[in-house]
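On the provided structure of chain A, position chain B as indicated by the hints.
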Amino acid sequence: QITLKESGPTLVKPTQTLTLTCTFSGFSLSTFGVGVGWIRQPPGKAPEWLALIYWSDEKRYSTSLRSRISITKDTSKNQVVLTMTNMDPVDTGTYYCVQRQVSETGGLKAPLGGYYWGQGTLVTVSS
Amino acid sequence: DVVMTQSPLSLPVTLGQPASISCRSSESLVHGDGNIYLNWFQQRPGQSPRRLIYKVSNRDSGVPDRFSGSGSGTEFTLKISTVEAEDVGVYYCMQATSWPLTFGGGTKVEIK
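Residue numbers (the numbering used here), protein chains in the order written: chain A, 1 to 127; chain B, 1 to 112.
Fair warning: there could be bad hints in the mix.
[Claimed, not checked] One side only, chain B facing chain A, incomplete, derived with CB under 8 Å:
(1) 37
(2) 51
(3) 99
(4) 100
(5) 105
[Stated by the list, open to error] Here are the computed lysine-lysine pairs in the DSS-like style, where the Cα-Cα straight-line distance is at most 27 Å:
(6) 79(B) to 108(B)
(7) 55(B) to 109(A)
(8) 45(A) to 79(B)
(9) 45(A) to 55(B)
(10) 59(A) to 79(B)
(11) 112(B) to 45(A)
Calculated directly from the structure, the hints in this document are not laboratory data.
All values derive from a computational prediction rather than experimental measurement.
Just so it is clear, CB atoms sit at the ideal spot from N, CA and C, and this is done for glycine as well.
Pulled out of the complex, with its shape left as it was, chain B reads as follows:
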């Protein structure tokens, strides 16, 4: 199985400041079709996870442009340019290149 490792575990952020979350995969996520199927999910308290980013850097419909994804190979990053109160929650990376699809351990974003 591909192991996804996230850091940090917890991320206290001041409102209006940027935040950055890292995700590393234990092996290359390049699919046979040449794409990298690395997703980022947000899970607000008491809710089901919601996808924010797909194929490393593509925002899903309705996702604010303060969220951005980047990376290649086995290293990936989710950035929030200016954190807002509604961004509080746990963020997970998930690889969808090979089965079983696997999630990172999560990063809890909270307001200082």
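Extracted from the complex, chain A is given alone in its bound form:
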């Protein structure tokens, strides 16, 4: 059974750095094709992918946020960590950890299977 759980601060001050940890079970991030990413959802708005890290340590970042975010993995601990600098009230929202799988042929990745979501953690940015 695949599970993911987000942890981290619920309240962050403007300009501070947010660090969120995703702890997962039921799969390994060293398995070919596996990726874990972060999605955020502001209150009442659509979800937005922030970052994704693959089994190979390949990383993908949101176009608009790439200068502020970093994603890393610790395979031995079954954890993925998201860091977001210079937090602002507009960054308030629910942050989800999500697992996805891909196939890869000739360097081209293609989606494979479904998405497993954590329950999400609400992060509020306020002074």
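Just chain B, lined up with the frame of chain A:
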């Protein structure tokens, strides 16, 4: 980035009646492998999103057959043949053809 545009924003529906949601992409979603990776998600109040449809028209396991997806190119549709009370929530299309994966703005389905 591929922009996904959904309509309508809100969809009041009578129980037992059909519902239809549109999603348009700013560019073709045909992947290099020839597939179109267009998904539909349902988000019930207070829950994480759940995928209903993948590759335009394939239902995920456990999804009732009243949900169906269709479309091609840049125009896609999610249909609910007969809306039930448990279908209340927000529906999002999401393209997974190219990074960054992007969601539509959402359509809120509510009962009249």
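Hints broken by the structure, by number, lowest first? 10
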